[in-house]
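The primary structure of each chain is shown beneath.
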Amino acid sequence: MSTTTTNTTLRPETLKGIAALTKRFPQPEGALLTSLRIAEREVGFINAHVCEQVAGAIGMPPAKVWGMVSFYTTFRKETDGKNVVWVCATLPCALRGAEGVYDYLSKKLGVNKDETTPDNLFTLKKAECLGSCGTAPCMQVNDDYYEGLTFEKIDEILADLKAGKSPARHVTQ
Amino acid sequence: MPEFEPVLSKYFREPNAWTLAHYRSRGGYYGYETARKAISSMEPKAIIEDVKKSNLRGRGGAGFPAGMKWSFLPENGKPRYLAVNADESEPGTFKDREIMAKDPHGLIEAMMIACWAIQCKHAYIFIRGEFVREAKRMQAAIDECYREGILGDDVLGLGKFKLDITVITGAGAYICGEETGLLSAAEGQRAYPKIKPPFPAVEGYFRQPTIINNVETIACVLHIVARGWEWFKKIGPESGPGPKLFCISGHVKKPGLYEAPLGTTLRQLIYDYAGGPIGEIKGIIPGGSSMPIMTVDQIDTPADFDSIRAAGSFLGSAGLIVFNKDTCIVNALLNLARFYHHESCGQCTPCREGLGWLEKLCHRLEFGHGKEGDVDLMNEVSVMIKGRTICFLADSLIMPVQSYIQKFREEFEYHIKHKRCMTGTKAGEFAQVEELAGAGR
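Residue numbers (the working numbering), protein chains in the order written: chain A, 16 to 188; chain B, 4 to 444.
Check the hints yourself; a few may be wrong.
Unchecked claim - DMTMM-like cross-link-like pairs, simulated, lysine to aspartate or glutamate; straight-line CA separation at most 25 angstroms: (1) B:139 - A:55; (2) B:256 - A:143; (3) B:256 - A:167; (4) B:257 - A:167; (5) A:123 - B:156; (6) B:197 - A:129; (7) B:429 - A:114; (8) A:79 - B:156; (9) B:363 - A:167; (10) A:31 - B:190; (11) B:363 - A:129; (12) A:31 - B:156; (13) A:38 - B:6; (14) A:38 - B:156; (15) A:38 - A:57; (16) B:139 - A:143.
If you're looking for bench data, these hints aren't it; they were derived computationally from the structure.
Kindly produce the complete structure, drawing on both the sequences and the hints.
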């Protein structure tokens, strides 16, 4: 668990934005997935409190929103580190050495699957097919894809992220 | 390589191909000129007829004739919706993301023509959550279109119709790619597939008539309308023609995305396009990981809907995955069993429990705990699952299970008898070939 407390209250204009977004759908619930993404961007993760506010803005039961969130895998959790590293582990990547990539990252970061480094910088996860089979092995860190991975590339990406820089030259453009 | 001019991927490699400025600078029928012509001078029904005559078949996996799907819309005055399926998640498939990232305006123009044809005023594009780059490019392109009066209350200023396009991003669930699962997700629910009928064309998005097409299917519409259905029908076999984006992955020297006519043989795709196999080929999955595996003696099969079907598999999403001889087939199946079990939405018992059972069986075989009769048990479990669920997800594992066992049974038996892989790889691992490191560039 994170030791610092984060403010999970959404800004009033965000809630207004969500309410406006519902007009783009035949029924307000259509805006839920997109609204959760907006809320996730602002707070950094989705928890019960965030769900409650989004539910209120759309006008649907909070339990339904929470039930939906728990179905999907990529919403950021409160316990996730600053950088969430998703290593693709599905067959086309596996054929091209994804396990080696995962093991290398696990060793280098000193964490296992779904664990976060003590400095809260990295959370390591295994992803199901990221749709990058032609450029395997690959991983996604936060929003960005890194493809055609080699150990050297991984070293450089991690070093940049640790230094708080964007490893832009390795990001798929 | 046969003479063929790529159309879908023609501009993929050009810098800033995703901007409106680039799209307009291409000249010819690009730059929203085809949409302008179609909307101002063609009757909606005439476009549907043209798409029907082109024999365009769905590029998402099922290969259903697109024009026929469009003509299922009832004439009941209800609002109609177009949902473009960009939840590309089938292992081995990576084509739609390139269309969205490199040619979003081509896709938007094709969507406009499709919406005019089916008389839809609001189209949604459902992009899987991982594709952040793709969603940003699509949104940026849509914003450009609104600014320029291409989309909105008066499309292209022609005074003909109103069209809005909205991006919806998913959040990591394979089942969103199933058309009714996609609708559930877009309705703000868990991505539970729905029982058909009613089919979405009759009762879809929020119970209104809805057409759901794959990104690549829609992208083809632009070229069909611009160049004519006769042109399209001449590319490849008449029963399912057209240019096709083939995704080639696994043990090949140059994996990647290649555009070729449907009907190009698997051999041509693997050798001429993807640089040949790394090592000796053991098996080829022709259409994404859920399709039955083909063996090396079938390599001269043309990659088109009907030929692959006649050879006992399906073209699916045209994601070719090549296995070489060092690949342990049991481990490959374990990987897929884990995937499909993980992605089961949990609604139907045969899928929720059965896929887990199959994963356990694969796991114990792979790790040397297999028992006599396990292979038959896997077959029996498969029969109990197949065709007994709401959607196609469970069958997507059953096809690999049955075909891998049928074609490579001796490897499964070897695992039971010798407690290790026939290929000599460590349990749970694939052979690592020197050439693989960083070869994905």
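Outcome of the hint check:
Taking the CA atoms of residue 139 of chain B and residue 55 of chain A, the gap is about 16 angstroms. The hint holds against a cut of 25 angstroms. Distance restraint check for residue 256 of chain B and residue 143 of chain A: the Cα-Cα separation of roughly 24 angstroms lies within the 25 angstroms cut-off, and the hinted pair is therefore satisfied. Restraint check for residue 256 of chain B and residue 167 of chain A: the C-alpha separation of about 21 angstroms stays at or below 25 angstroms, so the hint holds. Between residue 257 of chain B and residue 167 of chain A, the direct Cα distance comes to roughly 21 angstroms. Compliance with the 25 angstroms bound is thereby established for this hinted pair.
A distance of roughly 54 angstroms separates the Cα atoms of residue 123 of chain A and residue 156 of chain B; the hinted pair therefore is violated under the 25 angstroms criterion. Restraint check for residue 197 of chain B and residue 129 of chain A: not satisfied, since their Cα atoms lie roughly 32 angstroms apart, outside the 25 angstroms limit. At roughly 12 angstroms between alpha-carbon atoms, residue 429 of chain B and residue 114 of chain A fall within 25 angstroms of each other, so this suggested pair holds. With a C-alpha separation of about 34 angstroms, the suggested pairing of residue 79 of chain A with residue 156 of chain B is violated against the 25 angstroms cut-off.
Restraint check for residue 363 of chain B and residue 167 of chain A: the C-alpha separation of about 36 angstroms exceeds 25 angstroms, so the hint is violated. Distance restraint check for residue 31 of chain A and residue 190 of chain B: the Cα-Cα separation of roughly 20 angstroms lies within the 25 angstroms cut-off, and the hinted pair is therefore satisfied. A distance of roughly 22 angstroms separates the Cα atoms of residue 363 of chain B and residue 129 of chain A; the hinted pair therefore holds under the 25 angstroms criterion. A C-alpha spacing of about 23 angstroms is found between residue 31 of chain A and residue 156 of chain B, which places the hinted pair at or below 25 angstroms, so the restraint holds.
Note on residue 38 of chain A and residue 6 of chain B: the hinted pairing is violated, with a Cα-Cα distance of about 49 angstroms set against a maximum of 25 angstroms. Among the hinted pairs, residue 38 of chain A with residue 156 of chain B is consistent with the structure: their alpha-carbon atoms are about 15 angstroms apart, no more than 25 angstroms. Distance restraint check for residue 38 of chain A and residue 57 of chain A: the Cα-Cα separation of roughly 21 angstroms lies within the 25 angstroms cut-off, and the hinted pair is therefore satisfied. Distance hint between residue 139 of chain B and residue 143 of chain A is fulfilled; the C-alpha atoms sit about 22 angstroms from each other, no more than 25 angstroms.
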